[in-house]
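First to last, the sequence lines map onto chains A and B.
Per this note's numbering, the very first residue in the first sequence carries number 1; after that it's consecutive.
Per this note's numbering, the very first residue in the second sequence carries number 1; after that it's consecutive.
If you're looking for bench data, these hints aren't it; they were derived computationally from the structure.
The reader is advised that the hints may include incorrect statements.
[Unchecked claim] Derived lysine to aspartate or glutamate pairs resembling EDC-like cross-links, with alpha carbons at most 16 Å apart:
#1 B/28 <-> A/436
#2 A/337 <-> B/71
#3 B/28 <-> A/182
#4 B/95 <-> B/205
#5 A/197 <-> A/217
#6 B/215 <-> A/11
#7 B/124 <-> A/391
#8 A/497 <-> A/436
#9 B/34 <-> A/11
#10 A/250 <-> B/71
#11 B/28 <-> A/304
#12 B/125 <-> A/304
#13 B/34 <-> A/334
[Claimed, not checked] Covered by chain A, according to a simulated footprint, are these stretches of chain B (three or more residues, beta-carbon under 8 Å):
#14 8–15
#15 42–52
#16 89–96
From a predicted model like this one, the values you see are computed outputs, not experimental measurements.
Where is the CB? At the ideal position from N, CA and C, for every residue including glycine.
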Amino acid sequence: MSSDNLFLSNDILMSVEKPERYIGHEVNSCIKDPDSVRVRFAMCFPDVYEIGMSHLGIQIIYDMLNSFDDVWCERVYSPWVDLDKVMREKNIPLFMLESQTPVKNADFLGITIQYEMCYTNILQVLDLSGIPLESGDRKEDDPIVIGGGPCTYNPEPIADFFDIFYIGEGETRYRELIDLYEKCKDEGCTRDEFLIKAASIPGLYVPRFYNVEYNEDGTLKSFTPAVEGVPAKVRKEVVKNLDDTYYPKKPVVPYIRCVQDRVVLEIMRGCIRGCRFCQAGELYRPVRERSVDKLLDTVYQMLDSTGYEEVSLSSLSSSDYTHLPELLDNLIEECNKRKVNITLPSLRIDAFSLDVMNKVEDIKKSSVTFAPEAGSQRLRNVINKGLTEEDILSGAGQAIQGGWTKFKFYFMLGHPFETDEDIEGIGDLANKVAAEFFEMVPKDKRTNGPISITVSTSFFVPKPFTAFQWAPQCTQDEFIRKAYVCRGGIANQLNQKRIHYNWHDADTSVIEALLARGDRKVSAVIKKVYEKGGIYDAWSDYYKHDRWVKAIEECGLSLDFYAFRERKDDELFPWDFIDIGVSKAFLLKEYKKAARGEITSNCRNKCSGCGAASFGAGICPGVVKSGN
Amino acid sequence: MKKIRVRFTKHGAVRYIGHLDVMRYFQKCIRRAKVNVSYSAGYSPHQIMTFAAPLGVGLESEGEYMDIGVEDENPDCAAIKDALNEASVDGIRIKSVKVLPEDAGNAMASVYASSYEITFYDDKKDDCPGTEKVRELIERMNAMDHCVYHKETKKTSRDIDLKEFIYELKVSDSEDNPVINMTINSSSADSIKPGFVMEFMCGLDNIKLPVNALKITRLDMFTQDEEGNLKSLEEVGI
């Protein structure tokens, strides 16, 4: 009978919720002989297993690193609160799932940072691993802690906790970094010597080697390299051709049901739309598509190797993928044969998408989703959401005629330049859709029941590298007032009984704003919150607003400064040293256009000269198309 | 559609996978193995699949069963077994694949009893009775007419006579860590867990076992034939 090869004892595994989170041994997980590799890489998503396992980015890097013979990449997730407690009580170190050995044994600890509210979990992972929280305190035998992902485009609030940040797409520079690490090991370099050399690899940022100075008002005065040879600017890394890179053909298949319990097929990167609140829309420019042939080849290999019964297309805006009809024709036919379901998030509702949805979903169960983000046309122009009331009503009308009765609408409250009339427009719009239903569908034809509309609003959080990076955020009181205006606007409607309204929490939104646009001073707040017991702040059950308020106060900082303040046009931002291709001048122009309610055309209609064309990739003008 | 019965093991790390996840595991495993599995009709077709009595989390097994429908006229059992093993993790091994006769009851409904092998975990055995003590306790139990055990669940509590549910109970000659074998009722209508027997047995001598002391392996599952004899679920297949 086989030996267990488990890090945690039977007693512990039997005492925690879902022990499957910690046992590894999943189908397609990569096992290597530790003696056959030179570099051990622990890849971490600082949240619970079911969330972390659902993330495509880690799967891509995992696949890539393990394709290198000299590297073994393993996975690490945050232990859930029950195990966290046991590990602290019994002094049990955090471990990697594949080898079931401590994280501390690894050469690198890579952490992907997808949302601000996971920052305290980063400290949890470091702490449980036995790695000093701050880069400066780490010793020669501690793993090199490297961060990546969307939040690292403003790495400053967490700069103290990382040795390196990898700015941009992970496929491009890891080989170089590992070669350098192996060379440094051979030559007997110190940790600092290695880090200085790493800082000159494009895309890599070593925060310890920079000097930060502040003005008296607390704003940033200067941000300069403190060590010779370290670059003043760090340019994001971009994969030029998505057909010619890594993609996991054999992703790890978890035993427990995860958020993504399916094959995820990324069809394109970037978004042509340029919504002014959206950070991803700027960060992932230029827009690059994968070819249909490559996608089909990949997806069938993935279905074969995993046995998943569902596949989901992934992108920021799948309707903008130019070969969508061709891709779907083939996919639907083959998936029907294989009894595999297809899910299509982020589709714009029109005749084409409804036809596709009709083929792949049960109308009675599925719902039609719109994300107008703002209630009035004026405000949709302000945020540059290229979706008109006519688009929405005609899409909804076609869906109603197609038999759909469940509708979901997503909005944001607190956009810059928003008025109460804009908010009241949300109720108007929902009411018009309901009215269309009652007009179009006579009583005896309402076999799927009457229409049901769900309106959800979240609160706007200004993010770095967006047109709204200068904008003030509303206070919690103002957010709540706006939610009441929205609710009142819905209650005034004739069909209000068919409209359900819910809104998100305002407290986390302002903390998210602090973390998103913070500077290095904010790291003290994160550390304080962690020391007060804060982990899993992304989970409402574990989020304690008081803890954050107290920590901010104790650090002598304020939300007025970080969240609610409008920045001056020429303010130096903590993230300005990062070059994402899209220029600050372009973003400022966009902010001014927003104030005037002027729209900017999407990348496909007309280039607006954002600066991303400098990467020479994707749909930008001047890029030589390789055959597809 | 033909029905086939798959006997599989569950050892090591995968013993912490719950029953529902084992079912989900096999749905994917069957697809990876490209077994020509039958699907139900309807908008979201699912695989025709039934499992015998669920195994508790933390228990290992040599004798788990699942019946699946296949679209082959004459299923190639050896090929299916190899393909499933190829697609499966180390801890879950397919021991046999057999075609079920048309009139065979499904795996879930026909389970009557299960046999278990029980030892104590190494780190707990010092606080558990040794082989000789266990032998003595078993002899006492076997000599009793009734073994009344107070069964407590979240909702109810009642007294049950374990004697009615135990078909065999013995300890084999081994060094200090006893190896206990028992065959007990595990029908869906009424059943007991091996832990009940161990708890009762030790209670006879006021021994309280430490938590998680039992290392339990299910060896096989049985149905009852016409004469009332126990017959391995595997032997029902052809």
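Given coverage of the region 8–15 of chain B by chain A, checked by CB-CB distance under 8 Å (3 or more):
holds (count 4)
Would the hint linking residue 125 of chain B and residue 304 of chain A be met if the CA-CA limit is 16 Å?
The given pair, whose Cα atoms are some 45 Å apart, is violated under the 16 Å limit.
Taking beta carbons only, do three or more residues of the region 89–96 of chain B come closer than 8 Å to chain A?
Coverage by chain A holds here, the residue count being 3 at a Cβ distance below 8 Å.
Are the Cα atoms of residue 28 of chain B and residue 182 of chain A separated by 16 Å or less?
Not satisfied, since the Cα-Cα distance of roughly 39 Å exceeds 16 Å.
Residue 337 of chain A and residue 71 of chain B: Cα distance at most 16 Å?
holds (14 Å)
Against the 16 Å threshold, does the CA-CA distance of residue 250 of chain A and residue 71 of chain B hold or violate the hint?
Given that 16 Å is the threshold and the Cα spacing comes to 27 Å, the pair is violated.
Hint consistency between residue 124 of chain B and residue 391 of chain A [alpha-carbon to alpha-carbon, up to 16 Å]:
Given that 16 Å is the threshold and the Cα spacing comes to 68 Å, the pair is violated.
Quickly compare the C-alpha distance for residue 28 of chain B and residue 304 of chain A to 16 Å and report which way the hint goes.
Status holds; Cα separation ~10 Å.
Take the C-alpha atoms of residue 95 of chain B and residue 205 of chain B, compute the straight-line distance between them, and say whether it is at most 16 Å.
violated (40 Å)
Given the hint that residue 34 of chain B pairs with residue 334 of chain A, does the C-alpha gap stay at or below 16 Å?
Holds, at roughly 15 Å.
Checking one constraint from the list: CA of residue 197 of chain A to CA of residue 217 of chain A, max 16 Å. Satisfied?
violated (35 Å)
Run the distance test for residue 497 of chain A versus residue 436 of chain A: straight-line Cα separation, threshold 16 Å.
holds (15 Å)
The structure fails to meet hints 1, 3, 4, 5, 7, 9, 10 and 12 from the earlier list, while all remaining hints are met.
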